[in-house]
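Chemist: Using the sequences plus the hints, can you model the full thing?
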Amino acid sequence: MDNFKPRIIIFCCNWCSYAGADLAGVSRLQIAPHFRVIRTMCSGRIEPEFVLKAFQNGVDGVMITGCHPGDCHYISGNYKTIRRYYFLKLLLSEFGVNTKRLKLHFISAGEGIEFQKRVNEFIEEIKKLGSADYAQKE
Amino acid sequence: MRQIEYEIINTVEKLFADKKIDIFIGYKKGTLSLQTSPYFLSEQDDVRKLVWNSFCSNNLAVFIPRIIPNSKSKESKPVGILCKGCDSRSLVGLIKEKQINRDNLFIIGISCPGIVDRRKILSRLDGKEIIGIDEDADSIVVKLKDGEKRFEKEEYLCESCLNCAHPTPSIYDVLIRGAVYSLQAITPDPITKDFSSKPREERWKIFETEVSKCIRCYACRDACPNCYCKECFAEQTKPQWLGVSKGLSEVIFYHIVRILHQAGRCVDCGACVRACPMDINLRLFTRVMVDEVKERFGYEPGISLKDTPPLATFSADDKQEFMTEPE
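Residue numbers (the working numbering), protein chains in the order written: chain B, 14 to 151; chain D, 569 to 895.
In case anyone wonders, no lab produced these hints; they're calculated from the structure. Heads up, a few of these hints could be off.
Examples of chain B residues lying across from chain D (beta carbon under 8 Å, computed) [as the list claims (entries may be wrong)]: (1) C55; (2) R58; (3) P61; (4) L65; (5) Q69; (6) G71; (7) P82; (8) K93; (9) I95; (10) R96; (11) R97; (12) F100; (13) L101; (14) L103; (15) E107; (16) F108.
Ranges of calculated distance between the beta carbons of each label pair, as one might list FRET restraints [to be verified]: (17) B:P82 to D:L690: 48 to 54 Å; (18) B:P82 to D:V742: 43 to 49 Å; (19) D:S644 to B:G123: 52 to 58 Å; (20) B:S89 to D:P845: 39 to 45 Å; (21) D:A884 to B:R52: 23 to 29 Å; (22) D:A787 to B:K130: 43 to 49 Å; (23) B:D84 to D:P845: 18 to 24 Å; (24) B:G143 to D:G866: 37 to 43 Å; (25) D:Q888 to B:V39: 26 to 32 Å; (26) D:S780 to B:G143: 22 to 28 Å; (27) D:P767 to B:F17: 25 to 31 Å; (28) D:D671 to B:S89: 29 to 35 Å.
Straight-line distance between alpha carbons at most 25 Å, and here's what the computed DMTMM-like set of lysine to aspartate or glutamate pairs gives [as the list claims (entries may be wrong)]: (29) B:K102 to D:E769; (30) D:K862 to D:E727; (31) B:K66 to D:E727.
C-beta atoms are modelled at their ideal positions from N, C-alpha and C, and glycine is treated no differently.
Modeler: This is the structure:
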């Protein structure tokens, strides 16, 4: 299990989390190299389809990141994310998907260290869970 | 039943005579027994073909966004529509989502005694040919070649009707009162409660076996008044969310997204279940959402024109415990 390299998608909002990830990079903070970042203009842009498509294509974990509540560039985008994410998570867990593979975090542009910590934590957790089997069957 | 049918016909006739509506949507006798089809009639058509019985299963609200453009123009006359409790809840949702204009509707509300599940009756007939059907207040008599069978309505109602909290329409212009079973609506629904109490692996198994029956005909979507998108995500090609195969992962994808799109909007009319040719228990999944929305946000779709659906708004006080909880 030690050489298991998870594939993780991190959705970052353009205004906070992406800049936070950028800061983590510029500050040379060490993060396990198992994730890809997809930038969206707002965390509210992330539709359930995005997450499910990722799982369908064999991703082991998905993390959604956005501005802290109240800091949204579009005023209320991340509040809406909270509600949407809640339903997505509820539904996935209701149908028996392990929702540990799905995370939501708020990371601001100044929180490079927070980004490093959260991503490393998530990668560790996914490593423990092992490979996801939601990838395309048949 | 007959009494109510006459009342409907008389009301519609009067509406046409007064030039209040151009078109009316109701039910007429179906080509198959135990079924009705939607009936669009204008002034020239025969009003007497309208029927009202226990098999008026379609949710007629589904046709409205396709017929009336959302215009405030006073020139177009209202469309008349026959509404059961659930149809009117769907209409409320559509009005709130600005798909239709309330002024362009003339709603004949009808307090609904519940719709009888055609399949439940058919399963008791052993494939015998049906010659005729008689209906009175409490029971349905199916005439077969070799005698007849009596079915008590209450035992053969659709699942969604068994736990219907609002059989009487929430909005209407004219209300025709009929018999309403004294139902005790329970939240959460017994079926979903039973489902939710099962362990995770088992739930996944149930979900998988249910949706693996799906042939992706999208009848559930087409029967649903909430699904009015001009282009559904399921058929989008840019980006293409779903392939064209019948593979399990595609089917699961479609169903999860369909259910998520219903969050805070589904009125639990059961039209999708009745439309499904493969007999998938679709309601089991949407009802999970309905119960959760009610419990968490105290919101019931389709009851009032004033409140906002939970996913269309936000609150800074939303609980966020689920972000840190492991499960």
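Chemist: Each of the hints needs a verdict: does it hold here or not?
Modeler: Structure-based check of all given hints:
1. C55: Hint on C55 of chain B: violated, closest Cβ of chain D at ~13 Å, above 8 Å.
2. R58: Cβ of R58 of chain B sits 13 Å from chain D, so the hint is violated.
3. P61: holds, 5 Å
4. L65: holds, 5 Å
5. Q69: holds, 5 Å
6. G71: violated, 10 Å
7. P82: The hint holds - P82 of chain B has a Cβ within 8 Å of chain D, the shortest such distance being about 7 Å.
8. K93: holds, 5 Å
9. I95: holds, 6 Å
10. R96: holds, 6 Å
11. R97: OK, holds: R97 of chain B within 8 Å of chain D, min 7 Å.
12. F100: holds, 5 Å
13. L101: holds, 6 Å
14. L103: holds, 6 Å
15. E107: holds, 5 Å
16. F108: Holds: closest Cβ of chain D sits about 4 Å from F108 of chain B, inside 8 Å.
17. B:P82 to D:L690: 48 to 54 Å: Check passed, 53 Å falls within 48 to 54 Å.
18. B:P82 to D:V742: 43 to 49 Å: Given about 47 Å between the Cβ atoms, the range holds.
19. D:S644 to B:G123: 52 to 58 Å: holds, 55 Å
20. B:S89 to D:P845: 39 to 45 Å: holds, 41 Å
21. D:A884 to B:R52: 23 to 29 Å: Given a distance of about 26 Å, which is inside 23 to 29 Å, the answer is holds.
22. D:A787 to B:K130: 43 to 49 Å: holds, 48 Å
23. B:D84 to D:P845: 18 to 24 Å: Hint violated: Cβ distance 49 Å, outside 18 to 24 Å.
24. B:G143 to D:G866: 37 to 43 Å: holds, 40 Å
25. D:Q888 to B:V39: 26 to 32 Å: holds, 30 Å
26. D:S780 to B:G143: 22 to 28 Å: With a Cβ separation near 24 Å, S780 of chain D and G143 of chain B satisfy 22 to 28 Å, so the hint holds.
27. D:P767 to B:F17: 25 to 31 Å: holds, 26 Å
28. D:D671 to B:S89: 29 to 35 Å: Check passed, 30 Å falls within 29 to 35 Å.
29. B:K102 to D:E769: holds, 16 Å
30. D:K862 to D:E727: holds, 19 Å
31. B:K66 to D:E727: violated, 32 Å
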